[in-house]
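Student: Next come the chains, spelled out residue by residue.
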Amino acid sequence: MFFKLKAGDIAVAALIIAIAAANLAIFMHSSEGSATALIIKNGKVVQKLKLDDINKRIEIEYKDKHNILIAAEHGRIRFEKSDCPDQVCVRTGWLSRPGQTAACVPGGIIIKIQGEDSDTDIILK
Amino acid sequence: MKKVALSGILVSMAIILAYVERIFPVGLIVPLPGIKLGLANIITLFALFYMDVKSAFTINILRCFIASMLFGSITSFIFSVSGAVAALAVMALLKAGYGRYFSIIGISIGGSAAHNIAQIFMASLVLKSTAVFAYLTVLLAASLATGLLTAAVCGSVLAHIDKLKL
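Chains as they are written, first to last, in the working numbering: chain A, 1 to 125; chain B, 1 to 166.
One or more of the hints may lead you astray.
Below, a list of computed lysine-lysine pairs in the BS3-like style, where the Cα atoms sit at most 27 Å apart [what the hints assert, rightly or not]: (1) A:K81 x A:K65; (2) B:K54 x A:K6; (3) B:K163 x A:K4; (4) A:K65 x A:K44.
Simulated from the structure, these hints should not be mistaken for lab results.
Only chain A is shown next, with the shape it has when bound in the complex:
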């Protein structure tokens, strides 16, 4: 008698699945749209780019001690070219996820990807 399935049971299960699916959709959407690239020159943020809003390839050149070319595409950004000696920045490659960083120490430029939330994603105990 306790287990005889009723229409409401199906409705409850369907509602739970719907909430789970909606949550998944919202979360995937928000984590997609959250990545912002900060270009930091000599400790100051000189450029902010919302990576997911970029449709066409953007190239930014910095001519200072070194000639540095930064390229951004939809969802990602990298040091394209640099005439600095060590090439660490170029070899770091594409950045797309919050928390990723590439730095050109000789040129004094850092690219940092920031998420919507603070630096802490989650703490589990």
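Guided by the hints, dock chain B onto chain A, whose structure is given.
Tutor: Just chain B, lined up with the frame of chain A:
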């Protein structure tokens, strides 16, 4: 007096179940963050059916308090109480339609899902970040299974007690 004695037995059983769950965390078998069987929910569901909402509420709060004192902390108390109260609220609501609209299965999975949603809300408040909602989808999917398990155990016990005419 009979109610007090039964409440006491149920509280102690719930604490033992919480302890069993602590020694054998299901997370070892199914490695999902935050997953729990929610065995103590069997007691809440039983109290709701065999006694009444008020008793179920008292038993719920007491078992959260004692279990947290024994094996947990203030934080774990806040988490378990918020989950337990939300679960009971939803189950009591659905219980009003028991027999007509819902069986024990719907009531149980509803409570199990409410438990998870409340705990994720608490976690996002504590961490001041909505990032924890990333876990909700998986936890809700798991709540269908754990809710079914709770309903199966509790329903069997209730059916046996019916036969015994206690």
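Student: Could you work out which of the previously given hints the structure breaks and list their numbers from low to high?
Tutor: Result: no hint breaks.
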